[in-house]
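Could you build all of it, start to finish, from the sequences and the hints given here?
Below, each chain spelled out in residue letters.
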Amino acid sequence: MTRTFLSRLAAALAALALITLVLPMAAEAQVNPRESSVNEDAMFEALGAGGTVSGRVTIPDQASGNLIVPDNKGWAALQGQTLHTLSIVAVVGMVVLLALFYMFRGKIRIDGGFSGRKILRFNAVERFAHWTLASTFIILALTGLNLIIGKSVIRPIIGEGAFGTLSAWGKVAHNYLAWPFMASLVLIFLLWVIHNVPNRLDWQWLKMGGGLLKKGVHPPARKFNAGQKLIFWSVIIGGALLSWTGIMLLFPGEVASAADWQFYQILHALVAAALSALVIAHIYIGSVGMEGAFDAMGSGEVDENWAKEHHSLWVEEVKSTQARNTAQVQQTPAE
Amino acid sequence: MARMKFLCDADRCIECQACVTACKNEHEVPWGINRRRVVTINDGLPGERSVSMACMHCDDAPCAAVCPVDCFYTTADAVVLHNKDTCIGCGYCSYACPFGAPQFPRTANFGTRGKMDKCTYCSGGPETDMSQAEYVKYGSNRLAEGKLPLCAEMCSTKSLLAGDGDIIAEIYRERVVTRGYGSGAWGWRTAYGETVTV
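Chains A and B, in that order, give the protein sequences. Using the working numbering, read the first sequence as starting at -6 and increasing by one per residue. Using the working numbering, read the second sequence as starting at 8 and increasing by one per residue.
Be aware that a few hints might be false.
Simulated restraints on C-beta separations [as the list claims (entries may be wrong)]:
1) V82(A) - C23(B): 47 to 55 Å
2) I81(A) - N32(B): 40 to 48 Å
3) Y142(B) - G152(A): 23 to 31 Å
4) G99(A) - G200(B): 50 to 58 Å
5) G39(B) - D34(A): 45 to 53 Å
6) A249(A) - G200(B): 24 to 32 Å
Calculated cross-link-like contacts (lysine to aspartate or glutamate; reagent style DMTMM-like; alpha-carbon spacing at most 20 Å) [unchecked claim]:
7) K100(A) - E284(A)
8) K154(B) - D84(B)
9) K100(A) - E119(A)
10) K122(B) - D54(A)
11) K31(B) - E160(B)
12) K66(A) - D253(A)
13) K144(A) - E201(B)
14) K91(B) - E153(A)
15) K165(B) - E55(B)
16) K66(A) - D67(B)
17) K144(A) - D77(B)
18) K66(A) - E38(A)
19) K122(B) - E153(A)
20) K301(A) - E284(A)
21) K208(A) - D104(A)
22) K154(B) - E35(B)
23) K111(A) - D288(A)
24) K144(A) - D67(B)
25) K91(B) - E134(B)
26) K111(A) - E284(A)
27) K122(B) - D92(B)
28) K154(B) - E181(B)
29) K31(B) - D54(A)
30) K100(A) - E297(A)
31) K111(A) - E297(A)
32) K165(B) - E181(B)
33) K66(A) - D66(B)
34) K301(A) - D288(A)
35) K66(A) - D77(B)
36) K91(B) - E160(B)
37) K207(A) - E284(A)
38) K122(B) - E35(B)
39) K144(B) - E284(A)
40) K208(A) - E284(A)
It should be emphasised that the hints constitute simulated quantities derived from the structure, not laboratory data. For glycine and all other residues, C-beta sits at the position ideal for the given N, C-alpha and C.
Below is the structure:
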């Protein structure tokens, strides 16, 4: 009896000892930090290229749960170096090209000289839309360019304090003038899209180099020649891209992710650099590059000889319309 | 001069948030701005780790590369600081930073941000050391007093280390060798191009 009791006790004690010894060992094995803890190198390897280490945070800003985003350095290099160089190359490159063109070709004169007779080319609404678009674009381009290259071009000249103030005002101007720019872009599109549909004449114009390279060569054109159509569509498409990406940049909270925002910023800067270079060429040919061209957007009335040389078919259209109108007026007898 | 760095030994971090609180209190950081935060990776899973993160004061800081007004500068202690008077609040630095360090005080029309704020490694800004103007803009300047950042000084488990990069790397290396494991010097590879090898 006692013997069986003792043996039972011994067995129970042995079992208890086994439990107290073995269980903690098993528990210890479960939390062994060597076995399962996260490791930075292993984590990046598992995440692959473009991996972001993120986790849980206890603050409202859930985006701060992204612990390490190495890809941001890629955008930093693009913005800090590539765009900086590209913007300078685009703007300075175009100015150099135009200077060479001016030296080689000189000012494009009206072959027949001024006739003294004027034809209305752009009415008040067209000029208003153009100059709203032009003035806002120039300020937007300069303030935008300042954000990319100002630190290496303007800051060394005026100093850190003044440059900070200038850039802060530039940012305000950029944010607010974007809206009249977009409004006039729509207006320009509605006013001129009908005259900018590509046709066979444009191919002929392009093959002749637009008559830009040789004196006395004037391919026929309607209201807008192929070169002007190129400017129109570049401004419309480029302006639309700038507007779309710009709105995304203006409302960063609405953009899905930081990577999307970075994409919009790069696209915005690239399109801006390209369009700025193109507009510099447009300004050149509309002012110092061609005699009589500025009047079209200045007073709105161009010299008849200029119009005949550069927009021969348009002049014929205007004249025939005028003749028809006059004829109609004369045919209708006064009561 | 020392090359100042932070190192968070995640195997010691208990996510007590004392570093976050110490930072907020020391510099009177406004509500909604987090110069330092604690991120828990693999939360709730076996082997989860918490990492206290702030500005890592990178070599070739990407924030400085993208800043349109060039308001960043690196001190003799290799701390990356910025001038709030020059800052235009464009937010570019926050998109360039791999660590989410730059913070912005307000959101107005068109996502306008105020002057950027971030960890100064407790070493103020361009104003005169320990001046009132410096305190208001950047918080206290403990480095000028000969002290290290309060977050690390306050850390109860000595998980967060601050000081010369070589010295804290050596402390971390000894720990890893002694205990036999370590989850790595989080962010070092991204910020300095190399991590602490054991």
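Review point. Is K100(A) close enough to E297(A), meaning Cα to Cα at most 20 Å?
Key: Holds, at roughly 19 Å.
Point to revise | Restraint check for K165(B) with E181(B), where alpha carbons must lie at most 20 Å apart | key: holds, 14 Å
**Study point:** Given pair status - E284(A), K100(A), alpha carbons within 20 Å
**Key:** holds, 7 Å
Check your understanding: Are the Cα atoms of K100(A) and E119(A) separated by 20 Å or less?
Key -> violated, 26 Å
Point to revise | Hinted pair K144(A) and E201(B), Cα distance within 20 Å | key: Violated, at about 30 Å.
**Study point:** Range hint compliance [Cβ, G99(A) to G200(B), 50 to 58 Å]
**Key:** At 55 Å between Cβs, range holds.
Point to revise | Hint consistency between K66(A) and D67(B) [alpha-carbon to alpha-carbon, up to 20 Å] | key: With Cα atoms ~10 Å apart, K66(A) and D67(B) stay inside 20 Å; holds.
Exercise for review: Would you mind confirming whether the straight-line C-alpha gap from K122(B) to E35(B) stays at or under 20 Å?
Suggested key: holds, 16 Å
Exercise for review: Compare the distance between the alpha carbons of K122(B) and E153(A) with 20 Å, and conclude whether the hinted pair is satisfied.
Suggested key: Roughly 16 Å separates the two Cα atoms, so the pair holds.
Practice item. Determine whether the Cβ-Cβ distance between V82(A) and C23(B) falls within the hinted range of 47 to 55 Å. Key: For C23(B) against V82(A), whose Cβ atoms are near 53 Å apart, the range 47 to 55 Å holds.
Check your understanding: Is the hinted pair K111(A) and E297(A) satisfied, with a Cα-Cα distance of at most 20 Å?
Key -> Given that 20 Å is the threshold and the Cα spacing comes to 6 Å, the pair holds.
Exercise for review: Quickly compare the C-alpha distance for K122(B) and D92(B) to 20 Å and report which way the hint goes.
Suggested key: The given pair, whose Cα atoms are some 8 Å apart, holds under the 20 Å limit.
When the structure is compared with the earlier hints, violations turn up for hints 5, 9, 13, 28, 36, 39 and for no others.
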